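Enquirer: Two chains, two frames, some hints: make the complex.
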Amino acid sequence: MAVTADHNIPNRSPLMAFLSRWLLTTNHKEIGTLYMWLSFVLFFIGGAMAMVIRMELFQPGIQFAEPLLYNQMVTLHGLIMVFGVVMPGFVGLANWQLPMMIGAPDMALPRLNNFSFWILPFAFTLLISTLFMEGGAPNFGWTFYAPLSTTYGPPSTDVFIFGVHLMGISSVLGAINIIVTIFNLRVKGMTLMKMPLFVWTWLITAFLLVMVMPVLAGAVTMVLTDRHFGTSFFAAAGGGDPLLFQHVFWFFGHPEVYILILPGFGIASQIIPTFARKKLFGYHSMVYATASIAILSFVVWGHHMFTTGMPLTAELFVMYATMLIAVPTGVKVFNWVATMWRGSITFETPMLFALGFVILFTIGGFSGLMLALVPADFQYHDTFFVVAHFHYVLYPGAIFGIMSAVYYWLPKWTGNMYDERLGKIHFWTAIIGVNMTFFPMHFLGLAGMPRRIVDYSLQFADFNMVASFGAGMLGLTQVLFLYIVIKTIRGGKKATGRVWEGAEGLEWTLASPAPLHTFETPPKFPTPEEDYPRD
Amino acid sequence: MTKNRNNQRKHTILLSGLAVGMLGFAFALVPLYAIFCEVTGINGKTYAQEIDDTPAVLQVSEREVTIQFLGQVGRGMPWEFRPMDTQLKVRLGEINLTSYYARNRATQAVTGQAVPSVSPFYASNYLHKIECFCFTQQLLEAGEEQQMSLRFYIDEDLPEEIKTLTLSYALFEVPELEVASLTLTNNLQ
Ligand code: HEM
Ligand SMILES: [Cu+2]
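Quick mapping for you: the protein sequence lines, in order, are chains A and B. Taking my numbering, I'd label the letters of the first sequence as residues 1 to 535. Taking my numbering, I'd label the letters of the second sequence as residues 536 to 724.
The set of hints was computed from the structure by calculation and includes no laboratory data. Computed from a predicted structure; not experimentally measured. One thing to keep in mind: the hints can contain errors.
Okay, derived cross-link-like pairs now, DSSO-like style, lysine-lysine, Cα gap no bigger than 30 Å in a straight line [as the list claims (entries may be wrong)]:
no.	chain 1	residue 1	chain 2	residue 2
1	A	Lys-188	B	Lys-545
2	A	Lys-493	A	Lys-424
3	B	Lys-545	A	Lys-194
4	B	Lys-664	A	Lys-524
5	A	Lys-188	B	Lys-538
6	A	Lys-524	A	Lys-194
7	A	Lys-188	A	Lys-493
8	B	Lys-624	B	Lys-664
9	A	Lys-188	A	Lys-278
10	A	Lys-424	A	Lys-188
11	A	Lys-524	B	Lys-624
12	A	Lys-194	B	Lys-538
Examples of chain A residues lying across from chain B (beta carbon under 7 Å, computed) [as the list claims (entries may be wrong)]:
no.	residue
13	Ala-108
14	Val-210
15	Pro-214
16	Ala-217
17	Gly-218
18	Leu-244
19	Leu-458
Yeah, the Cβ is synthetic: ideal placement off N, Cα and C, and Gly gets one too.
For reference, chain B alone in the conformation it holds in the complex (with noise of 0.2 Å):
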């Protein structure tokens, strides 16, 4: 009896460690969904490229493709932001720049974030920025206007089909209070 006696503690204990663990478990659900979608590209996202990763000559190649950029502001987001360029006809392999124009209309200073999306979306671990304003969070004063650059190349290996494709920034306001979450996606991007 006493033996059964220790046996169900002992079970009761590695049940409600194992409930434990997958509470643990839904949360590890997020930086594990985010990087899968990194490695993997899917959803659209597209991420950091640093710099030094570039490799220092790049093979610019015959093929050219479209690009095209939207810019669109989030719910209750005061600000005014569209891409200077709708369209670019870019080379394969070839640096470019381009710029998206954003103004403040709020009477008082406002931070943006933008989030990028590529479509298709397997086209986006081939799209490679250096420069991006969406890597930073924005500061707009009142009223003030700023155009914020792009810089980006796109990768040789772009699948064939591929002809046209859309880079598309969401802007948004960043919430008052920042907390794990928010760094943890940032570090990311």
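Next up, chain A with everything else stripped away, as it sits in the complex (with noise of 0.2 Å):
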């Protein structure tokens, strides 16, 4: 099944060598860490627009960005955070995780798996080249809430279109990949009620992202026809209806918002176990908890929409089901909490990381819960309180539970241990950078301060000031943690296969670094009173 890439065809030269190993390897690791490399290349491009609208906004008025530039970061920013950083850093977990959690060679699409990688620096290519087309970037926000995309939008609208339509076309596939494997791949005794935390959330994202992704797909193509094929869909000239675009966009948005997090929640399932040396508490609970989030994420799309003059029926609906997504949350807080409770804990990077999630994550949770009260929402909606709303829930939320997947996992991918006093100082400045980036934020939309706007009224300096010092920090750190990631791969202290002492899971079973191939003959899993093999 393994084709070419690792049996080294001679006569090529190393350069030849290199690319075809690459841009033709069907094994899973390896993809995994193209997609993680992808994902923190774009980290840092969409940070560096993070900084351009954070040094726009340190000071009230215009300093060196037109609006027209302003709008184009915050749009731009938004699309590669999301589809760009946060989907394809859970999809390099999950290629690099899931085999080696569920006991099986490789993915079970191989082929279809390299495709699915090689697609996206193509599309974000294409995204990230709209920059230099006539007329700019798209500029419409990642919503591109019709007409200021139909009607309105640039010339570049249509590149951005395509690379939509290619992102889709790989996370469906991807997803697709996931399921297949999950379902057919599963070492013999392990039942799905066994299945790690990670693969569960993982399989129920795929779920999502497969029903998702296709409406998106349609919402682009809708916008696409609006504009060059006469069609009406959103204009009230042809009989068509604006307001439609929105149901069908937050259709696709808000369970995509869960894509954005169940992975972490798995993340985090997996992680404090370890270093509370305690069984994850509630197993059952967690994973049925996980599966009604992402059910009722379909009905409650209306909470992006409460200010377009919907009915009040439909409003108190939404309202309602909203707040009910509040309690599976609660239950799986409550599990990570008692799981640490009189646990034997330590502290180490990829535990600081999962605990800054659980609490800072809680907080965007709250938030949230703000939001969806009608009454509440009126005042808050389009304003800064959103915009620290939903940076809570992503950045210490699905950025920090993919940082400490990354810690975690490190050592097995590498060999080498990171350096803990580094991932200390890289954890400690992150969660003061985080705060202080997006904690006044809260204030400034209580406030009243509209977001998406390149300019702001002095009785908003202050607050402004100071999250854009805190952006500072933060983006900076990041450089530290790529020097961190780069030095545990150059070398370190030698890993052991375990890792961590009290890390569960076949993963573990296996030497680090991993062999390229694992599991080629089916490992053995353990019955409950077993104990996981050590080496």
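Expert: So this is what it looks like as structure tokens:
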């Protein structure tokens, strides 16, 4: 099954060998690595755009970013972070970890896996190249509401649409691959209810992806035909309705935000038991909570549209349904805390990030609850309060989740331990930076500062300056993260197979670094009475 | 192993089917949305009432309400467009006639489509139009003017608290190319 890639073909220059190794690889570990690096590179590109935004907002008045440029930055920053950083980051982790965690030799559809990855660099090159096109990059926000993207969209909107199509195809194919792998390649004895939680959360995420990415594809296609082929899906002139766009978009959009966080839940559920040296509290309730969050996410898209004049009954329904999601989410937070209760906890970097995740994600959940209240949302909508909310769930949520997973599994991937002291510095600067950047945005929003506007009135100046300083710190410390990762790849204290004293699971029965091909013969899955074999 | 292979293929096909189905669902949202709005009357859209749906003898009630008329043109639409009556006092159940004035200021013929909207939106299901220029597209030659009539009555079941309602028309230039979505939504209007 393994294709040419790793059986070196003679008579090739080293460059060609290198290229064909990475271009043609069908190995889940190598593809996982590619995804992680893509995500990392885009993290810095999207981060640079965030720096432009924060520098512009450092003081009232227009410093250097004209409104048009500012709008392009906000749009590309959002698109890149969502589709280019968080999603590929999680997919990369899935590629590396899922086969090792379920005792499979590889993903079920390895060639499709290669294809899903290699679409992405093209998609993002296209998207970023719009910056240099006539009329500039898309400037309507990552939500591309009609008519901003139809009647008023710059010419590069068409390139953006093509890019979104490519990303959609990549994610759907990747998700199908993940589901087929989980359903068919589990080691004997690992029933669904014995799967590690990272596997569970990814299974559910993959179903969400298969169901909503096509809806996004539908939305961009309608925008395209409205722009060029005379249809009027979103144009009142031809009998369409611009509000329809928001319904279609958020039908995708709300499940999408759970796509961005569920694998993070899985990661926290792997890491916290390891460092608390206890079994995960409430495994079954974790699975049911994840599933109910995913199902509920399909009926609450209206909470993004409270101010569009929805009928009262719909507003009430959406409000209660949204608040209902807080229940399974609360179950999860409770379980994480209960797992740590009376555990013998140590605070290595992955654990620190996981704890930061639990606490700060919960703050984001609370501001979300505030936004779910219809009368409150009438005031908060389209202010910086919303910006504060989604950054709390995405940065210390999704991004910290990915970072803690990287620290946790990096020794398994590279065979070397990362530098614990630098890891801790990274964590503490990141957590201070995150709070300094995004916490003041709550106050700004409550005081009425609108989002997506390049300038603001004087009373918002102080908090904005604090936020910009925080952002600078947060951005800089990610360079340290890059340094730590490179340093670990190049050397360091050798990691054992088990790596962490309290780690449980099939991936830890392998040597570190994990050999390119693992579990060619299926491992033995221990019964509840047995322990995982140690090396 | 072969059984496993077959299962993998089966799952792959099923999941691809699900993805394609969801793409179809995205497009199905368009008519679903139109139907949903029509049934519930949300969005303030009013829809055509077939003449034979109208009861032969209408019960004219004592209750009077005020109905206001608005008219505006969409971006780039070269017509002058305004209501002849800005406000009428009408009785529930009584058939009324009013009209809008339109003139094409362009130097070539232009087709327009008026899109109605009622506020408060929950009044829209009680406003019945028997005859309306918005039922069809209107073609005006260069410089041509026209009075376009509107015949309507208001249902006697109109909720008590509504004393005034507003009927607003936005007039748009019909795009050159007309496609499926247009005819589809037109059928509902
Ligand atoms: C140093 C890090 C970051 C900074 C300083 C930052 C800053 C900002 C600011 C100021 C805005 C709002 C601009 C406006 O609406 O006027 C924004 C929007 C946004 N950010 Fe971030 N951000 C950072 C990281 C992230 C990350 C990691 C993600 C996602 C995983 C993310 C996702 C988004 C999204 C989706 C939007 C909304 C874009 C829109 O609505 O147009 N950001 N960011
Ligand atoms: Cu939402």
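Enquirer: Now tell me if each hint is right for this structure.
Expert: Consistency of the hints with the structure:
At most 30 Å may separate the alpha-carbon atoms for a hinted pair to count; A:Lys-188 and B:Lys-545 meet this at roughly 20 Å. Pair hint A:Lys-493 plus A:Lys-424 holds up; C-alpha atoms about 17 Å apart against a cutoff of 30 Å. Among the hinted pairs, B:Lys-545 with A:Lys-194 is consistent with the structure: their alpha-carbon atoms are about 24 Å apart, no more than 30 Å. Restraint check for B:Lys-664 and A:Lys-524: the C-alpha separation of about 74 Å exceeds 30 Å, so the hint is violated.
A C-alpha spacing of about 15 Å is found between A:Lys-188 and B:Lys-538, which places the hinted pair at or below 30 Å, so the restraint holds. Between the alpha carbons of A:Lys-524 and A:Lys-194 the distance comes to roughly 14 Å, so the proposed pair stays at or under 30 Å and holds. For the hint linking A:Lys-188 to A:Lys-493, the alpha-carbon distance of about 35 Å lies beyond 30 Å, and the restraint is violated. Under the criterion of a C-alpha separation no larger than 30 Å, the hint pairing B:Lys-624 with B:Lys-664 is consistent with the structure, at around 16 Å.
Taken as a hint, the A:Lys-188 and A:Lys-278 pair is honoured in the structure, with Cα atoms around 25 Å apart against an allowance of 30 Å. Under the criterion of a C-alpha separation no larger than 30 Å, the hint pairing A:Lys-424 with A:Lys-188 is inconsistent with the structure, at around 39 Å. For the hint linking A:Lys-524 to B:Lys-624, the alpha-carbon distance of about 84 Å lies beyond 30 Å, and the restraint is violated. Simply put, A:Lys-194 and B:Lys-538 have alpha-carbon atoms about 23 Å apart, close enough for the 30 Å limit, and the pair holds.
Annotation: A:Ala-108 was flagged as interfacial toward chain B, and the flag holds, the nearest CB pair being 5 Å apart, inside 7 Å. For A:Val-210, the interface hint holds, since its Cβ comes within 7 Å of a Cβ in chain B; the closest pair sits about 5 Å apart. The beta carbon of A:Pro-214 is positioned within 7 Å of a beta carbon in chain B (closest approach about 4 Å), and the interface hint is therefore held. Against a cut-off of 7 Å between C-beta atoms, the interface hint on A:Ala-217 holds, since the closest Cβ of chain B lies about 6 Å away.
A least Cβ separation of about 3 Å between A:Gly-218 and chain B falls short of the 7 Å threshold, and the interface hint therefore holds. This hint holds: A:Leu-244 has a C-beta 5 Å from the nearest C-beta of chain B, less than the 7 Å allowed. Taken as an interface hint, A:Leu-458 does not check out: its beta carbon lies about 35 Å from the nearest beta carbon of chain B, beyond 7 Å.
Violation of the numbered hints given earlier is confined to hints 4, 7, 10, 11 and 19; the remaining hints are satisfied by the structure.
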